[in-house]
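Chemist: Now for the letters of each chain:
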Amino acid sequence: MIGIINYGCNNLQAIQNNLESLNMKYDIIDENTKNVNYDKYILPGVSAFDSSITNLKKLKIFDEILDEIINKKKLLLGICAGMHLLGKSSEEGSEQGLDLIPEKVGKIKEKNKLPVPHMGWNTINIKKDNPLTKDISNGSYFYFCHSYKYSKIDDNYNIATTDYEDVFCSIINKENIFGVQFHPEKSHDNGQKIFLNFKKM
Amino acid sequence: MLKPRIIPALLLSNKGVYKTVNFESKKYIGDPLNIIKIFNDKFADEIMIFDIDSTKNKKIDFEYLKNIFHSCRMPVCYSGGVDSLKTAEKIFILGVEKIGLGNCLLTNKSVIRDIAKEFGSQSTVAIFNLVEKSKKIYIFDYLNNQIKEDINVIEEIKKVQDLNIGEIVLHFVNNDGSMQGYDYFIINELLAYIKTPLTILGGLQDLNEIIKIKKDYNYIGIAGSSFFIYKGKFKSVLISYPSNFFKE
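Line by line, the protein sequences give chains L and X. Heads up: the first sequence begins at 553 in the numbering used here, then just goes up one per residue. Heads up: the second sequence begins at -14 in the numbering used here, then just goes up one per residue.
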């Protein structure tokens, strides 16, 4: 059973649609949730960093969720802005992140005058074998929509990268913590493979 | 490599999909759920949904839209009747990635700033309905059926970018439904001022035009409606989409 963390501002329904079509069972965790005990968690996101982290911490169940992740080592998948929340901090805001991955989120630099946000279908270069990328071929397309990214990142956590203005991390993994910069819930068949792989872990 | 997005745009009204010519003479095309399903099966890059009833009546039927968004397996840009942060939040939660803001460009720009601040600029899209008149570009206010001769388009583009908009859509009113090609005069006049991702809509002719745009402009989002809806010179309704067009 997967718990989807709903902290107010995200495209929750799209993720639900995907999980339903893949016969994956889930609950929504929100301000009414009294206790949490799930195998896995999904942290969605289409929002700005500060409003996201503030709303997330406002959940009454927030400390219990952290306990599930940090102490009980339950799996967590952060999506797009949800992936950014996993880090130490972000150039997008002044609040602190969850610090589950000891890396910082920075703004995409407009080096070659490509437009920011990075919006559309782009490829991933898989750097390391990982259960999340099983059956996904190198160079597969995913849907991206973001202005911030993890750039300098420890090779150990860097599962896949994407090239836009500079090379940034598009799939991150440290122990039980996973994050994807793209939107698997909007990436058709490749996105569904991500959810299925997460289910199988 | 990033590939240009090819984007069907659907006009929603009275629980059906309609197609207009020059923003007028609405023609019924079909049931939105059936049409969206075809675009799902074709792995469409993205979809734009314009809810014209919501814009006109300033009232959104969230329950109805929920079904529509529920059926979309691709990224969705929704536009229609969003005039506050609260309304935007209710739309995002239904499974929408981006909200297109057209009318509040003219009336209440603070909504743009509020939504961009709360949801991030990648979630906010400014839609400029434009007309060209003797080599000058004007904003068209379709609610009042009025060309805004007093508004400077370039200044407006700068303003919305200062409010952290994440994407700009140039919508060519006079080319709508023509299938005679986009308005390249407008594109070329405004291109230099646009720093965000750009999408163009109104007049898309054929696959050759898509190839040409990729060659000349690289990453521009290529949106259209007649092109994805009609087939042949008698314009019979047949939904189609060029799947995997730019993917190697």
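Mixed in with the good hints there might be a few duds.
To be verified - Derived pair list, reagent style DSSO-like, types lysine-lysine, alpha-carbon separation capped at 27 Å:
#1 Lys612(L) with Lys102(X)
#2 Lys659(L) with Lys27(X)
#3 Lys(-12)(X) with Lys665(L)
#4 Lys663(L) with Lys75(X)
#5 Lys663(L) with Lys120(X)
#6 Lys661(L) with Lys199(X)
#7 Lys640(L) with Lys612(L)
#8 Lys27(X) with Lys220(X)
#9 Lys220(X) with Lys665(L)
#10 Lys751(L) with Lys27(X)
#11 Lys51(X) with Lys577(L)
#12 Lys745(L) with Lys592(L)
#13 Lys661(L) with Lys143(X)
#14 Lys75(X) with Lys586(L)
#15 Lys686(L) with Lys663(L)
#16 Lys120(X) with Lys220(X)
#17 Lys663(L) with Lys27(X)
#18 Lys144(X) with Lys659(L)
#19 Lys577(L) with Lys592(L)
#20 Lys704(L) with Lys71(X)
#21 Lys102(X) with Lys659(L)
#22 Lys71(X) with Lys609(L)
#23 Lys679(L) with Lys(-12)(X)
#24 Lys577(L) with Lys22(X)
In case anyone wonders, no lab produced these hints; they're calculated from the structure.
Chemist: Run every hint past the structure and note whether it holds.
Modeler: Hints and how they fare:
1. At roughly 24 Å between alpha-carbon atoms, Lys612(L) and Lys102(X) fall within 27 Å of each other, so this suggested pair holds.
2. Proximity of Lys659(L) to Lys27(X) is assessed by CA-CA distance (about 33 Å); at most 27 Å being required, the pair is judged violated.
3. Restraint check for Lys(-12)(X) and Lys665(L): the C-alpha separation of about 16 Å stays at or below 27 Å, so the hint holds.
4. Between Lys663(L) and Lys75(X), the direct Cα distance comes to roughly 36 Å. Violation of the 27 Å bound is thereby established for this hinted pair.
5. Annotation: proposed proximity of Lys663(L) to Lys120(X) is violated, straight-line Cα distance about 33 Å (limit 27 Å).
6. For the hint linking Lys661(L) to Lys199(X), the alpha-carbon distance of about 23 Å falls within 27 Å, and the restraint holds.
7. Between Lys640(L) and Lys612(L) the alpha-carbon distance is near 22 Å, which keeps this suggested pair within the 27 Å criterion.
8. About 21 Å separates the Cα atoms of Lys27(X) and Lys220(X), which keeps this hinted pair within 27 Å; it holds.
9. Among the hinted pairs, Lys220(X) with Lys665(L) is inconsistent with the structure: their alpha-carbon atoms are about 40 Å apart, more than 27 Å.
10. With a CA separation close to 26 Å, the supplied pair Lys751(L) and Lys27(X) stays within the 27 Å bound.
11. Restraint check for Lys51(X) and Lys577(L): satisfied, since their Cα atoms lie roughly 21 Å apart, inside the 27 Å limit.
12. A hinted pair counts as satisfied when its Cα atoms are at most 27 Å apart, and Lys745(L) with Lys592(L) qualifies at roughly 16 Å.
13. Taking the CA atoms of Lys661(L) and Lys143(X), the gap is near 20 Å; set against the 27 Å cutoff, the hint holds.
14. Annotation: proposed proximity of Lys75(X) to Lys586(L) holds, straight-line Cα distance about 24 Å (limit 27 Å).
15. A hinted pair counts as satisfied when its Cα atoms are at most 27 Å apart, and Lys686(L) with Lys663(L) does not qualify at roughly 33 Å.
16. In summary, the hint linking Lys120(X) to Lys220(X) is not supported, as the alpha carbons are separated by about 31 Å, beyond the 27 Å threshold.
17. This hinted pair does not check out: Lys663(L) and Lys27(X) have alpha carbons roughly 34 Å apart, beyond 27 Å.
18. Of the pairs offered as hints, the one joining Lys144(X) and Lys659(L) holds, with about 21 Å between alpha carbons and a cut-off of 27 Å not exceeded.
19. Restraint check for Lys577(L) and Lys592(L): satisfied, since their Cα atoms lie roughly 11 Å apart, inside the 27 Å limit.
20. Distance check on the hinted pair: Lys704(L) and Lys71(X) sit about 36 Å apart at the alpha-carbon level, beyond 27 Å; violated.
21. Of the pairs offered as hints, the one joining Lys102(X) and Lys659(L) holds, with about 15 Å between alpha carbons and a cut-off of 27 Å not exceeded.
22. Proposed proximity of Lys71(X) and Lys609(L) is supported: the alpha carbons are some 21 Å apart, at most 27 Å.
23. At most 27 Å may separate the alpha-carbon atoms for a hinted pair to count; Lys679(L) and Lys(-12)(X) meet this at roughly 22 Å.
24. Under the criterion of a C-alpha separation no larger than 27 Å, the hint pairing Lys577(L) with Lys22(X) is consistent with the structure, at around 24 Å.
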